[in-house]
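Given the coordinates of chain A, work out where chain B should sit on it, guided by the hints.
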Amino acid sequence: MNIYEVLETLFEQKLNLIEGLNSELYLPLDESGLEKVLNVMNENSFELISLFCVEDFAEKGFTLFYAFEITGFEQTLIFQYALNANQAPSIAKTFPSACWYEREITDGFGIEFQGAFDTRRLFLHETYPKDFHPLLKSFKNGPIETAPPSEQNDYVFKQVEGDGVYQIPVGPVHAGIIEPGHFRFSVIGEAIFNLEVRLFYKHRGLEKLAEGMAPQDCVRIAESISGDETVANAVAYCIAVEKICGLSIPKRALQLRTVLMELERVYSHLGDLAGMCVDVAYPVGASPFFILREEIFRHNEALTGSRFMKDTFAVGGLTKDVPAGALQNLSVYLKGFPDRFGVATAIDNSYFSVIDRFETTGRVKPEILWPLHITGPVARASGKRTDTRIDHPYGMYGELKLKQKTQTNGDVFARFNLKAAEVLDSIKIIQKIMSELASGEVFAPFQIRDGYVLSMVEAPRGQNVHWVNIKNGLVDRYKVRTASFCNWQAMEHAVLGNIVPDFPLINKSMNLSYAGTDM
Amino acid sequence: MDYLALIAYGILNMLFVLLISPLFISLIKIVKAHAQKRKGPPLLQTYRNLAKLLKKETVYSSNSSWIMRATPLVNVAAILVASLFVPMIIIPQPTDLVGNIILFLYLLAMAKFFMALSGLDAGSTFGGMGSSREMAISALIEPVVIVVFAAMAFAFKTINLPDMFRDALASNVLIDPVIILISISLFIIIIVESARVPVDNPETHLELTMIHEAMILEQSGKNLAMMELSSAMKQLLLMGVLINILVPWGLTADFTPQAILISLGAFLLKAVILAVIIGLFESSCAKSRLFRLPGLFAIALFLAIITLIIEVFA
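Respectively, the protein sequence lines represent chains A and B.
Under the numbering used here, the first sequence has 295 at position 295, and the numbering climbs by one with no breaks.
Under the numbering used here, the second sequence has 1011 at position 11, and the numbering climbs by one with no breaks.
Any given hint might turn out to be false.
What the hints assert, rightly or not - Simulated crosslink set (EDC-like; lysine to aspartate or glutamate; CA at most 20 Å straight-line):
1. B:K1039 to A:E295
2. B:K1039 to A:E294
3. B:K1037 to A:E294
Unchecked claim - From the structure, some residues in chain A lie toward chain B, with a derived Cβ separation under 8 Å:
4. I168
5. V170
6. A175
7. G176
8. E190
9. V280
10. A281
11. Y282
12. I291
13. Y351
14. S353
15. V354
16. D356
17. R357
18. F503
Derived from the structure by calculation, the hints contain no laboratory data.
We treat Cβ as the ideally placed atom computed from N, Cα and C, and that holds for glycine.
Chain A with its partners taken away, still in its complex shape:
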């Protein structure tokens, strides 16, 4: 059965599906239609991968887009629901992952969700003015006066009361050089039985900033979303615009993009592996990973002129070809990599004191994977078969025939082992592509067209979703949802029953991005 038949059997009716430009299917619905299809999606455990709002889409006030993954199909299904007023029904009770999306939309557009269980603000903290909704087209980007914090505009944390219960507030300013985030623990002694994470301390307004930009220039916004996901986000954005423009880029550019994406995964995972060792106070085990990571950074710099590979990607291919010598050096370097990496992982896998800290710590239980759309290594370490490279192939991944790797325990040790395995897989992918690297141009000229598209990539942290709408040759709406936006919520569940001193380790093993969540 193809997806059309599957969907029509599911919904028991003829569907008015609109084919998107990147094998996504749009289905416009009214309120009763939406309720019906959402029930079907819920019964079949299809995952909500994003929910976002667009103003003036097809000249109709606000339109909500509910994007779903259909298990077993490359296509994504997106319900389009045009609102009549500034109100919409909340679906957070059936799809818990919708909670943050709905709050995000309320902040950005002022849309009220009826029946929502959590109506607190999300990315605009309480000190912002009441009627301030920056994503409205009527709002022009500029400075905004915030009110000083007071008791009236205080954020209300979930209160847990009982004998011996106390709260530990941590952050947003931390002792290390990390991004801001507030963690409110409710503990009895050392055992955590509730954690509430409050983020969004450094909202940059990237989505608003993108609006009105020329699509070619907006790549720089995409790569600034999160410094260590530069490649993933830049490529996701470029793919989106290329799909809209009906452009296929030169083979060499496609291959080099894949090499750089996998290099990003390698250095990101190396950083995590090192970080996990540091957080159990075993820096001797961390240093081999740090050394390898630094070497990869230097290769990145030789290849692209930037350790984080900024300013490298362009709509149509790459901004510049990589130097031949740097490629040669990388290929020589990678030959010795697996052995050295093997020695590094063997150190940590042979120390009982390290394994003892990793095992059973911070379990992400399978039952939260679907409702919260947990993605990336965090999900795979808990046994979820998910990888955007395999489920929704993009770039070269369709031909590469990757094998799914998973772990079952879902604890820190599972994430450690999974990431270690993924590093070696990425190295193999890079080597394979470099052995058959095409010659020629790395950039294809193109004409900007209008249109909208959903593009997804597997960033080191998991699935990143980009939705781009080009209107009159300019970016009209750019919506990004990174893997961290979903996975932060997994942490609130993973820490339960663990002790406070194990929290930093659990946090590190999940490698969540603050910037990637707060655009």
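Using the frame of chain A, we list chain B on its own:
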């Protein structure tokens, strides 16, 4: 004359501990850094840090009381007095005035007690967390320390530390098995009391995992310098106990410059070796889970009890 020598001993021993102890903090850091293929700080870095802190302004939380102000002084004072009990290079003449092991332990306990109070005093979360963890660990390690020191007292038939060292020095036996058992216990006590891996991590920036560091998180300026200095001194004192019981060779009872120089050189050499061992030990394991720590303490307790049984019944 006796008293004059005693006073000279006291001043020299105190000054020695005060001036030399920061050296071993840096040294252990250097050893650990090399284990990680890093270079580590210069040997004199801890002195520079202390000098920098002494010049800085001291900031007090508006919630804090006199405890916050008194704690650094109490700590330095208690540890300095305790340093009179542990002869590092010269053993004073036998006298009842110095060396009582029980008083020594109580001085250390007093310093710790005030440190834990000051952790609570500023009203910050981490301070309180550190204090509660430190007290939980203390409740477990202190009985162990007492049993270990009791074992020592039985082994040397005295509760006076300088007398123990004199006995150890006079002993004809090169290595006494009982002393080895006690030394292992003492080594574990050094690790615990100087807040090292696997008990605590002196290098971490992660507030939620801290024990000792969390308690002094609210200290600043010269108060912080005093806290750092007193932990360095405490570490050296415990190292001194271990060294002068296990390998007292070179230790002298004579007040001649030559003997003192030899003793000084011998002590520094032994302390450097011990610091390297501590650094390597720390590098060889990850920090233990908080609730698994009693296992480590139990080893020390077990060995001390064996010693007691041997000494009492053999």
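List, from low to high, the hint numbers that the structure doesn't satisfy. Every hint satisfied by this model.
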